[in-house]
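Here is how the chains run, residue by residue.
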Amino acid sequence: MALLHRFGCCSSPSPPPLLSFQKSTSGSVLFSVSALPRRHRFPRRFSSFRLTATLAAESPAGSVSDGGGGPPKLLMEVKDLTAVIAESGQKILNGVNLSIYEGEIHAIMGKNGSGKSTFAKVLVGHRDYEVTGGSVIFKDENLLEMEPEDRSLAGLFLSFQSPVEIPGVSNSDFLQMAYNARRRKLGQPELDPLQFYGYIMPKLEMVNIKADFLNRNVNEGFSGGEKKRNEILQLAVLGAELAILDEIDSGLDVDALRDVAKAVNALMTPTNSVLMITHYRRLLEFIKPTYIHIMDDGRISKTGDISIANILEKEGYKAMSTT
Amino acid sequence: MAVSAFTPIIRISPSPYFTLPTSQYQSSFIRTRKVKPGVLTQRSLPPIAALSDPFVLEIAESLEDSLPSSSSSGLQKLRDFASESLLSTPWPSRKDEPFRFTDTSFIKQSEIIPVSSPPTPESSNNLSVFEDTQSLNLTIIDGYIISSLSQLPGLPDGVFIGSLSNITSNEIANRVLEILPSSEPGDLFWSLNGVGSPDLVVVYVPEGCKVEGPLHLRYISNEGSDKESKKLPVSNPRVLVVVEKGGEIGILEEYIGGDVDLSYWTNSVTEIAIGEEAKVSHSYIQTQSFNAAHIKWTSIRQEKSSTYELVEVSTGGKLSRHNVHVQQTGSDTITGLSTFHLSGNDQTQDLHSKIVLDHPRGYSRQLHKCIVAHSLGQAVFDGNIKVNRYAQQTDAGQLTRSLILEPRATVNVKPNLQIIADDVKCSHGASICDLEEDQLFYLQARGIDRQTARKSLIVSFGSEVIDRFPSAGLRKKVEDLVKKLLDPVVPSKVEKSV
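Just so you know, the sequences run in chain order A and B. 39 is the number of the first residue of the first sequence in this note's numbering; add one for each residue after it. 419 is the number of the first residue of the second sequence in this note's numbering; add one for each residue after it.
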């Protein structure tokens, strides 16, 4: 397509004057870390974990204060989830167990091919994978029975590892279409293009991208960094109770990573949660996880706090499998 | 769904397929020749006549009979030239390479009736003139210029737009004669047009003249018959555009039908001669009846450092074929072809393009996109780019993408590059597919339901071409048209896709 640059598509008309009558709704939230041992504070949470033996050896991890409003609610509970590649039948997930409570940040680390991205895609209903067993309850509903669009409307968001390019669909049309679908679901009136500009401008600022970004086609010709920023912009526009960030740090320079992390932190509220997949400790310094899980051969083999990432950084995954 | 793609390096020469004429037809065409003596009488010798196709001769004869003999020497020259080549051209069959994928039996099985007179004022009453009086526009009904429906305000000095017979300047008349007839690139349909065109519409832009605003050529096929009658009134509009050195003009050709469901055959030829450093922006919209045949030739000659850009959207016709032939006659030319065909009915959309580069540093970009959204729909693309020995440092790119949305729908593409020069940059690519699952999923993952996602992806497929139309008004108009045509298609996809 780059060959055809000479034809130069005409860009859409310049944006109408801004009417910023809707401010960004989500403010940043301070997290206070309690030193309470996790197992004592939320004993029931790990009852479904298979690997309680290894958990006992872990040092206490931080947990999020619940703002004094009673114990946080369970947002998503994954039990013994197994899945295969639909086409080949190859087993990828071999019994994943994970519980995420409101306000928590979870990180999944693991070797290439251990099933991290597959897990993320299975959660949002990607057709390449077939669930063969187990259950996923999201906000008291059976997630696995829902269509991908309904999962999104229910409050689940996946920031894709490699977002696909969609030539011919402008970013602004796409975002408006998605946002209005959300508003319909919430029983709110849809926004017209002018109102939508008013809504989206603060979001663009939040992710630190320019307004002409909206006139470009979805991800078409975007650099790796722009694609990731675009994913976070969509998260900011649509909002989500659970945001899954699949390698949001890959392909980003340190400034871009800081922007993205800042935006994610700003989007956190006491009732939102984040599940991030990463290979590097660097991201965890910007977005501090409550728990770190190690995925190995399609299941979570170890759960702990930031100290796990430190060991990984020094000794690699070998250290994990031998402990 | 049937798909075929070929990329042969060297084109197979068409295998001639001739039928021997019965004596009855043979004699009739020769008899006509005798009535109108001319150069051809000597040429109608038995060896050539023996190769003639009786069906072709019959059409040629009826076309000839339908027109008064021309007083204009230019037009007569055109007709003589065309009828000469008709004597040795058979009706194309599927065995001929250029018609391998295109079935012309719709025309052949109809009773072909030439439209022999300009429309009566009453019949053109229901057609209104353009609301926008600022723009230059010329209405051509069944090949005849209708002055009452045309407006040409404020033409710069030296610019001529109108019938060949109305040219008053000797200079322009001589230039036109010089250019006509061109070194014939055409096929049978080109020649039939030559024999049957009642008038030659001339657009002349003198040296250094830049014509403001696009010239809107509105072709209307007014005479038509009911689908069941098997009758096919044929009209042969013919246009010659000459843009002299440094001149510039934008041309919008729009083909429409007077009534929606009528059967007719528009057999049109447009020739454009572009002088040194001249620029022509050419927009082409074809929305004729779904019971019509639309055969179009566009022949371009580009001199040194000239620019030609074509943007086409074709959605109409039961059988629609556009032949685009670009011949480079000087170095450093820029050529752009962007075409979008939509086959949303029981119809064939065909693009046969050929770009011949004979001189150094030519630059060409071609993008062809088509959507077949009906199980009996077909799209054909044959895109030839020829880079000859002296065309060094040519930069030629071609890309074709087809979207096939229904089972049993057909797409035939044959992109082919013939490169003889050794210092060139050429690329080509072809894809034929349904919508990409990844793109659909991406939209769904953002809460957009599958049906809406499909619809927006299908519409967006064509917008890459539509966005290249030079005016915003035109883009909007065509976009709305395409959306309307695709709308009934989209819901029917739901049960299949789920």
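Any given hint might turn out to be false.
[Claimed, not checked] Which bits of chain A does chain B cover? Going by a derived footprint, with three or more residues having C-beta under 8 Å, they are:
1. 117-127
2. 211-222
3. 300-314
[Stated by the list, open to error] With a straight-line cut-off of 30 Å between C-alpha atoms, the simulated DSS-like cross-links for lysine-lysine are:
4. 648/B x 223/A
5. 248/A x 513/B
6. 648/B x 265/A
7. 149/A x 117/A
The hints are simulated quantities; they were obtained by calculation from the structure and are not laboratory data. Since the model is a prediction, treat every value here as computed from it, not as a measurement. In this text, a Cβ means the ideal position worked out from N, Cα and C, and glycines have one as well.
Item to check | Structure versus earlier hints, numbers of those that do not hold, lowest first | outcome: 1, 3, 4, 5 and 6
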